[in-house]
Amino acid sequence: MTPPPDHAAVPSASDAAPVAVATAPAGPPPSDTEHRRREAQRAAGREGARRTVAQIGFYTFVSLVLAFFSLPLLWLAVAPFDANPGLSASLPEFTLQNFQVLWDNPYAMRSLGNSVILAGGTGLLVVTFAALAAYALSRVRLPGRDMLLYVLLLLSSIVTGTAAMVPLFNLATELRLIDSQLGVILVLSGGLLPSAIFILKDFMDGTPRSYEESARVFGASPFQIMRDIVVPVVRPGLATIGVWSVAQVWGNFLIPFLLLRSPDQYPAAVVMYTFYTEGGQANLALISTFSLLYSVPVILMFLFVSSRYGFRFHGGIKR
Amino acid sequence: MAAITMDRLTKVYPGGVRALDEIDLTVEDGEFFALLGPSGCGKTTLLRTIAGLEESSGGSLRIGDVDVTRTPPGSRDVAMVFQDYALFPHMTVAENVAYPLRIKKVARGKRTEKAAATAGELGLADYLERRPGQLSGGQQQRVALARAMACHPRVFLFDEPLSNLDARMRLEARTFLKRLQRELGVTTVFVTHDQAEALALADRIAVMESGRIRQLGTPSEVFRRPANTFVASFIGSTPMNLLDGVVRSRGIEVGGELLPTPPEPAGRLVDGEKVVYGIRPEYLVHSPTAVPGSLTGEVRVVENLGHAQLVTLEGPAGFVQLVVDEDTPVALGDRGFAVPRQDRALVYRDGELVTAGADPTGLTAGARATGAT
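Order-wise, the sequence lines are chains X and A. Take 24 as the starting number for the first sequence in the numbering used here and just add one per residue. Take 3 as the starting number for the second sequence in the numbering used here and just add one per residue.
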């Protein structure tokens, strides 16, 4: 093995090289330069060793972090196929029995359908109204517009939060929206809209007005401008909001639990809470299996949206 | 095709800014017309008011025989090309060009054919399926032009048509635009802050300042006889020398030198009166030796213009710039003399041109008639 080649010593050369360069034009004695060169090589060797150790340390750390996050995922991948799953990830006693049990459960599969209805309904409502509101807020000068947005944003975290549980329940009772999926959709939409408007307004602000003015001069109506120009241009923003609200609703436990009474209306997040064994213990087999099914649609949605819409923007404005 | 007639057209923004102050202006049928001025002078507001994107606060606007003062932009039969081109990024070139036809409910087959033909005329046949983001600046501009042409409007409006192109493309596009406008013969109004662009392209120019037209005329009128010191200092790639002087019986005294009075204002000046003596750097002849009736100074700056040199002299009259032939050796610190061409020298009194003829601004009715032909 030869000593580390010159290019490997580049980082260490920072302390050795400038001296050599500075003395070279003055014509230093040859023995001195030779000495310096050897010194530089030794320094490079020490540096190389130190770097190897640092790299080993770094990768060990990364592996630990990775293991910490991947173990639960591993459990999710393995436990559903295990006849007797525990709380640790282990080699399964392979079976598909868990899926059979889940399939026969009267509420499990239906709850996934309910989740789709709630998430889809809310997503549609949020995207539609957020787009209209954000467009208006972006294009029309309102006194105190930014203040309004911030107040809405602040309040929204209360609307769907734990603090408003009782008034929400009362309101839903008065409006006869208890035990109705529409009620859940409306409450969730109300909670998500302010943040959605806030995010979408940024997208709308980033769309040059000249697009719309250009269409106006050609005689396009406001509706045509919205349909032909604004919506396609802010499509990445709409997709973002859609995915985000669906994911929010999909994972929401509190609101449907609060507003729905009959178990056949429950979405998946609530049904999971009901999987107990006769002994009152959490039924890990069912919970793990159901969790796997529960996460698949969201993953599929992300894959679909990023392949179909892709978060890209073609520039038509010369900057 | 149609003329555009503005009568006391006014635009006051909420907050009281008068962007347009009673503009009276007629753009003739088929004319290539430039609105020129520094930023904030109201030229873009005027263009947008013609397009209908801004609503005027007073006065009237006619396109052809129709009063369009309160007509929405889509019904004015105008097409506008924006400074940033405003091509729709999610549509292909063909879809972009066909969009105005789509709004006018032309059948799909026909509008595709029409768009392809229009784009073909502008040399875009190979790019029909591309998106605007995949085109160069010059190509994007031609797509924007094709889109404007596709619906055969009566008036074209261009907002700073060349400002987004690099210097070389700009020259090409300038020639191209001028030829295109000639061929189509459509009344065209364009806005620019670049005097060279206005001089090169336009049949007539309106020079604007703070919501008013300061001079209206052909490029040569505006260049040769700026009606006031504002236009004089704005027009010309090298600004005109405007030197303070005093009228004497045998000439005009500028920086202690007696310059002969130019023929035109002679007889209209009063002895002892303070005036401004205006002469373009191109119309000053350099001399290394003293000449009577010349401006003098020490050479401070020499700028190479390629075919000539722009020399700045500092002397008793202040800074004087002159254009010197590329072969004439001029060294820093030399003493130089600049002899004005008498037929090109102008005299301004209170900022306005002293003249023998009619109103030099071209804004009165008589001047407009002569300027238009």
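Calculated directly from the structure, the hints in this document are not laboratory data. Since the structure is predicted, the reported quantities are computational estimates derived from the model, not experimental observations. Cβ atoms here follow ideal geometry from the backbone N, Cα and C, with glycine treated the same way. Some hints here could point you the wrong way.
Claimed, not checked - So the derived list for chain A, only partly shown, Cβ under 10 Å to chain X, looks like this:
| no. | residue |
| --- | --- |
| 1 | 59 |
| 2 | 93 |
| 3 | 159 |
Tested hints:
1. 59: Since chain X brings no Cβ nearer than about 18 Å to residue 59 of chain A, farther than 10 Å, the hint is violated.
2. 93: Nearest chain X Cβ about 8 Å off; hint holds.
3. 159: Holds, because the Cβ-Cβ distance from residue 159 of chain A to chain X comes to roughly 8 Å (cut-off 10 Å).
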